[in-house]
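Trainee: Chains A and B, in that order, give the protein sequences. Using our numbering, read the first sequence as starting at 1 and increasing by one per residue. Using our numbering, read the second sequence as starting at 1 and increasing by one per residue.
It should be emphasised that the hints constitute simulated quantities derived from the structure, not laboratory data. These figures come from a predicted structure and were not determined experimentally. Warning: the hint list may mix true and false statements.
One copy or two, either will do: identical chains are not told apart, so a pair holds if it fits within one copy or between any two.
[Claimed, not checked] Straight-line Cα separation of at most 30 Å, DSS-like style, residue types lysine-lysine; simulated pairs:
id	residue 1	residue 2
1	K136	K149
2	K45	K136
3	K55	K149
4	K117	K44
5	K55	K117
6	K136	K44
2 protein chains.
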Amino acid sequence: MSNEELAYIAGFLDGDGCVMAQLVRRKDYIYGYQVRTSIVFYQKKRNQEILHWLKSQLKLGYIRHRNDDVTEYTIVGLREVQYVLRILLPFLRLKKRIAKEVIKLIDAHPKTMTPEKLVHLSRIVDETAKFNYSKKRTNTSATVCAYLKRANLIPVETEG
Amino acid sequence: MSNEELAYIAGFLDGDGCVMAQLVRRKDYIYGYQVRTSIVFYQKKRNQEILHWLKSQLKLGYIRHRNDDVTEYTIVGLREVQYVLRILLPFLRLKKRIAKEVIKLIDAHPKTMTPEKLVHLSRIVDETAKFNYSKKRTNTSATVCAYLKRANLIPVETEG
């Protein structure tokens with residue numbers, strides 16, 4: 001991709017898109033939660049062609065049609081999101097800070113997870129959420145900590 | 001501005017912005033209606049900094065805060081809109097067609113208006129409205145024609 005194409009995509013993401021990190025409950029995960037990172041572009045279904053163009057450029061992710069006439073182009077996955085954010089970073093403006101935070105989060109994600117590392121990551125996720133002003137977050141670092149304590153995977157701090 | 005900056009702004013406009021032409025009732029105009037062209041960028045008020053950056057680059061237009069926590073950066077005026085669309089045109093994708101239509105409309109706008117020319121322009125405005133899927137247009141070429149006929153400025157066609 002040329003710098004002009006990358007700059008265009010960065011502008012499009014700044015205007016319309018979303019960069020986020022979430023804590024997702026996964027019953028098959030030993031520590032109960034997955035750190036999910038994603039980049040999402042939204043357009044009315046009639047404008048979906050631009051999303052297909054974006055996908056043809058970035059060569060990652062998938063497009064889905066929602067029930068409310070909106071089409072979403074989503075890139076998920078730590079490596080995938082890291083790659084896209086790194087190439088867009090020099091051109092991002094509005095979402096430069098969240099992009100940096102999410103790259104930091106992915107850099108901190110270990111190959112082998114431990115309860116302590118998951119708590120550390122979940123706190124970075126909390127930080128990224130501030131940039132998106134999400135009103136109803138189900139899972140926060142507190143949720144993850146509570147789960148790990150209940151499962152006796154991290155020690156319960158003695159109060160007071 | 002560099003090509004990268006122009007490409008970024010084009011991406012931002014494609015993702016988030018609006019290019020439009022409207023017929024505006026003007027009681028002080030001899031033919032009753034003005035052709036208004038505008039480019040608008042919208043962001044939540046907390047993200048307004050990016051709109052100030054855009055304005056500093058394009059050096060045109062004004063920023064206003066709406067009551068609903070949205071800040072708008074608007075460029076109005078035939079020459080102003082034509083200039084901005086022309087520099088962004090090579091980089092636009094989603095809004096390239098409406099941009100071309102609006103440039104065509106502005107090119108067709110005469111220094112000295114006549115009723116016939118206004119009818120011609122108002123039909124181009126109707127065409128541009130299709131790109132924006134506006135649901136409630138108050139003034140269409142039909143409104144303008146009806147006005148000009150009532151004012152005896154254009155002949156009423158004999159029916160049937």
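Trainee: It remains to establish, for every hint, whether it holds in the given structure.
Mentor: Here is what the structure says about each hint:
For a Cα distance limit of 30 Å, the shortest separation of K136 from K149 inside one copy, 23 Å, qualifies, whereas the shortest one across copies, 57 Å, does not. When the C-alpha separation of K45 and K136 is checked against a cutoff of 30 Å, the pair qualifies both within a copy, at 26 Å, and between copies, at 20 Å. In this assembly of identical chains, the alpha carbons of K55 and K149 never lie at most 30 Å apart, being 41 Å within a copy and 51 Å across copies at closest. Within a single copy, K117 and K44 get their C-alpha atoms no closer than 39 Å, and across copies no closer than 35 Å, so neither meets the 30 Å cut-off.
In this homomeric assembly, K55 and K117 never come within 30 Å of each other (Cα to Cα): the closest approach is 33 Å inside a single copy and 44 Å across copies. Taking the shortest alpha-carbon separations for K136 and K44, both the intra-copy value of 24 Å and the inter-copy value of 18 Å come in at or below 30 Å.
Of the hints listed earlier, those the structure fails to meet are numbers 3, 4, 5, in rising order.
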